[in-house]
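> Listed below, chain by chain, are the residues.
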Amino acid sequence: MNTIPGRRIIMVVFLIFLLLPIYWLVNMSFKTNTEIVTTMTLWPHQPTLENYKRIFTDESWYSGYINSLTYVLINTAISISVALPAAYAFSRYRFLGDKHLFFWLLSNRMAPAAVFALPFFNLYSAINLFDTPWAVALAHCIFNVPLAVWILEGFVSGVPREIDETAFLDGYSFPRFFIKILVPLIASGIGVAAFFCFMFSWVELLLARTLTSVNAKPISAIMTRTVSASGMDWGLLAAAGVLTIIPGALVIWFVRNYIARGFALGRV
Amino acid sequence: MSVTLERVTRTVDGIPTIRDVSLTLERGTLSVLLGPTLSGKTSIMRLLAGLDKPTTGRVLVDGKDVTGADVRQRSVAMVYQQFINYPSLTVYENIASPLRVQGRPREEIERRVQEAAKLLRLEPFLKRTPLQLSGGQQQRTAIARALVKGADLVLLDEPLANLDYKLREELRAELPRIFEASGAIFVYATTEPSEALLLGGDTVCMWEGEVLQSGNTSKVYRRPDTLRVAQVFSDPPLNIVGIEKKNGSVQYAGGIEAPATGLYKSLADGSYRVGFRAHQLEVANGIAGRHAFHATVTVTEITGSESFVHLNRDASNWVAVLQGVHEYEPGHVLDAVLDPENLFVFDAADRLVAAPNKA
Amino acid sequence: MDKTINQKAWFLVLPVFLVVAFSAILPLMTVVNYSMQDTFGNNQFFWNGVGWFKELLDPSTDLGGRFLASLGRNLLFSAIILAIEVPLGIVVALSMPRQGWTVAACLVILALPLLIPWNVVGTIWQIFGRPDIGLLGYTLNSLGIDYNYVSNEFDAWATVIVMDVWHWTSLVALLCYAGLKSIPDAYYQAAQIDGASRWAVFKAIQLPKMNRVLLIAVLLRFMDSFMIYTEPFVVTGGGPGNSTTFVSIELVKIALGQFDLGKAAALSLVYNLIILIVCWIFYTVMTNAGTERPEKQGAAS
Amino acid sequence: MARIDLVDLAHSYGGNDAPVESFALKPVTMTWRQGGAYALLGPSGCGKTTLLNLISGIVTPSRGKILFDGADITPLSTQKRNIAQVFQFPVIYDTMTVGENLAFPLKNRGVPKAEIDTRVKQIADLLDLTPNLGRKATRLTADAKQKISLGRGLVRSDVAAVLFDEPLTVIDPELKWQLRSKLKALHRELDLTMIYVTHDQTEALTFADTVVVMHDGRVVQSGTPAELFDKPEHTFVGYFIGSPGMNIVPAKVSGHEARIDGHVIGLHRNYGVLPAGANIEIGVRPEFVNVAAPASGLLSATIERIDDLGRVRFARVRIGDAKFAARVPPGFSVPDNDVGLVFDPAHVHVYADSRLVEGVA
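Protein chains in written order, with our numbering: chain U, 1 to 268; chain E, 1 to 359; chain Z, 1 to 301; chain H, 1 to 361.
Don't read these hints as lab results, they were simulated from the structure.
One thing to keep in mind: the hints can contain errors.
Said to hold, decoys possible - In silico EDC-like cross-links for lysine to aspartate or glutamate, where the CA-CA straight-line distance does not exceed 16 Å: (1) 166(E) x 143(H); (2) 3(Z) x 165(U); (3) 180(U) x 93(E); (4) 3(Z) x 52(E); (5) 323(H) x 170(E); (6) 176(H) x 52(E).
Stated by the list, open to error - Listed next, the stretches of chain E that the computed footprint assigns to chain H, with coverage defined by at least 3 CB atoms under 8 Å from CB atoms of chain H: (7) 28-34; (8) 43-51; (9) 86-96.
Positions of the beta carbon are idealized from the N, C-alpha and C atoms, including for glycine.
Using the sequences provided together with the hints, build the complete structure.
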């Protein structure tokens, strides 16, 4: 009753539309460059793992993944740990300027990275953090911390206030209550917030490329410079692309029930 | 050990929720806060517990001012209306949690938790988590945790309101036994007069943030200071009729006149308001000579043990109660009879002037 | 139980404030500072007051022309993708299976494009659309359609739009699906009892219940499309010419391309201001939508 | 307005071959006459909502049939069964006004506008909703919304039955009795078959002329409030109806006598010899057992508590280890520990394995 006629066809067509370009990338990642350029084949006739082998052996390639993972993990850790107490404050208390602060966080989540590219460049060079994972991790906080606060505030508000009061009446101190009672109750919320911080930091390119040059170069930046002597090495580029999809694809299954809530800033 | 509210008021966003309340609770007593919803019962409890700060006035424990004290230093336990437990802990851990925080030795915790579980008949459920239990068992777990702590002050805020009809009856019958087992000060909030009567102890009648009258439960029930107290302490609602006393006879509003016998005899002439509860109104056919009124039935509510007959007389609604099952068809006209010995009379200022003397 | 007033809560909020302020307020100060000056590199600055802001609003100037043109393109782009993605998202949400493992499978596949790094999305479509090695490019051309997103302006626009639809429609679908799932079964049963047609159920129950999530979807989609940079830059580099040069691409060209700090800073401020205003409108609408409760009739007893 | 027949109806959420004991609704065969008001009463989890959903068609039974006026409607969808339902929380179309809400079912059936308006006005008057017709439905209080929900069913002149699923749950306690008397008045005026699900005995006994008491998925007794009170056919009905519930105490019964803890109680009827091995109990309501001064001929009990409810006093006593409740006659001063119990033989019932045994007069 609550779905529409022909829904199966619409769903299948839409899923194919989504999967086709990804399939083409994966398909290409197993082809040799010559096969790619010479013939148009729907599946690799001479499949090769050369592209992947190249990425896992060439230091300038796999270092990109390590650098990306480094700043993404740092950013997620910072975002969640600062966002947890703030989410509790926004959920439980009214204080001077709380509405404006909550709005300011939202506006920062929406701030265009382009606006901050140059100022960050100057800022992090000034405090010689340029070309370190810390630069990118801190830069990404501008949209990940607000996201984490908004998501966690939704989950904390799901816990009735009376549980806090009962714990305080039982004699719990605030930190002990926070860690032993509240955190276990919003564990799924923390997991969701962590996944989305990880994800939004992982997908961002502009700031990551602007704030790094050599030794903290993320994979996304390395990919845009794959023009080798013999023209564009498409197979290698495709393989690198496929490997950037793996982390998200692996973890998505665990948060599949909260996907909408995460993307909607916890407001669903 | 005593807890006192001294001229306490509280306003939230400009609206006064508690107006100048003074209350003293002694050790080992049970006080029932009786009043309709939004009469300030929960606010009073939160002030007693220290969860909220009064706008003016003081909260004293054994004479010492604890108004600003943090709730953690107070020895208080509270049971909420919506059975609040720690969902991630088992029933055993839920009950043990206050003792664990106090750092009690293991065997003492084990002993006291088993004792509380036995009192609340929770032994078979100790290993489960609260969400796997029925509403009644969840509330028993919350009560067990409140008792095991041995707090000096135990507050229960309408603990039975969310339970199924029969579950409420069972737990209500057990409460007196549970309270006697612990010597703490108990404060129990409810909207139902029958719970106040059942639990005994003292009753504090509340109305829109004020304490109207407080004292021994049956005394307040039998001697309400004002019409409002009588209304708060009556379920189904108190029946009211205006009367005019003039030289030896009583003129009821709506056209009935009868000799001023019984409690009317000693009244000075003038206008009064007569209040009488459902069981003080007898429903019969044609008992001559007594204060009888013709009334039409609007609906009969049957609970099994009792039947409440809703009557309409001279544009005011009355309710009479009969034992057992009696179905009166709406529209049926019958005689509702008042016994001048068995009613309450209030003066023009709604103050009690006459009440039935027998039990 | 509404929130209690407690100024000590600021200690809990301080870490967030400091971290975000460090990344937001500090850089914005430098931007404001630059926006009032002009420089020719080598760190010499000349006071220019509100010169750049005047130019920004004057199409005849180089800065103003480029800004207003890119703004126009960006707003057109946002409008088109909203017009496609919101209705398509609703249709996909309504087509989701009701229960069983297929639900989880659909959710994961729908979410996949949202997890791919933005530059890889660009790379995928860059490859996919090429006539020599891309399935799309190859098929279209073999059907006789002369499709080339590098040289043809219309093809470039079409590719960027289809790429965005491919990348973000799932977000709208997921939000609408969450909105639909929050509708209690009793509403559908009542509609059945009332003999409501499919369309009546959609208009009377589903759409009203989804308006909150649709509001969020439109906010997120407008904001993200209004500040889009990476994907179009990777595929078309803003070309052909500057037909797909959106505001962010223009800004990055001026800031990191020409190192023209003054102009870039002024443009950044105006750009950020627009975002702030739109954000404020949505925020007030969203918080009011949430607080609209049926009025309690009769005095509280 | 339909006569409803349940023919060997049963339902199991675990599939048809699951053991009958696990059925959410054990097999039941009953007839509900046209225009009757029936209440399905029982604790949560007793199968009453399952039965309601079977009648409304939201759940298809794993066994048995349902007939409306003799026609088998089991395979029909909710829409075709032409029933109306009021849910636990108000279900209204937020974007519509009250008038549009009421007109919605008729508009869906393509009824001409003029007829819709008169019908809506008529039902709005009946439910005292006329002043609110033009207002947005979401603006009203919970009880007004429930009336709208009911109104959507009543506008259809040919509705077969009106189903209520605990409709008073979200209503403020003080307003409950008004809505209850409104529903009762409607039932009298409209000659409609009404089925009301609740766990609250007062709502059931007040609303319905026949109450169906359910326990653990089984229909335990179906009868008028008076029958349920005076002659409970199952110990659960005795316990569930009446507050405090019926005393149920093990006893040895033969002929005209029941023996508890060595004492004999006279019975109204002759019970001859009861089936051996059955668990024999006697059941008597506290209202029909009076407390008196201890005397040789009376069964004695020790007092635990006196519950003084103002208009009536009950004594909580103990006979051996069985708990017992008895009425304290007005004005009787209760001795401190032991007390005698005076039984009204006409209201003492005998139960074998929880089912009522009919003695010989």
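> Look at each hint and say if it fits the structure.
Going through the hints against the structure:
Distance restraint check for residue 166(E) and residue 143(H): the Cα-Cα separation of roughly 24 Å exceeds the 16 Å cut-off, and the hinted pair is therefore not satisfied. Distance restraint check for residue 3(Z) and residue 165(U): the Cα-Cα separation of roughly 13 Å lies within the 16 Å cut-off, and the hinted pair is therefore satisfied. Of the supplied pair hints, the one linking residue 180(U) and residue 93(E) holds, its CA atoms being roughly 12 Å apart against a limit of 16 Å. About 12 Å separates the Cα atoms of residue 3(Z) and residue 52(E), which keeps this hinted pair within 16 Å; it holds.
A hinted pair counts as satisfied when its Cα atoms are at most 16 Å apart, and residue 323(H) with residue 170(E) qualifies at roughly 13 Å. Of the supplied pair hints, the one linking residue 176(H) and residue 52(E) is violated, its CA atoms being roughly 32 Å apart against a limit of 16 Å. Under the rule that three or more residues need a Cβ within less than 8 Å of chain H, the assignment of the segment 28-34 of chain E is violated, with 0 such residues. Counting residues of the segment 43-51 of chain E whose C-beta lies closer than 8 Å to any C-beta of chain H gives 0; at least three are required, and the coverage claim is violated.
For the segment 86-96 of chain E, the assignment as covered by chain H is violated, since 0 residues bring a beta-carbon within under 8 Å of that chain's beta-carbons and 3 are needed.
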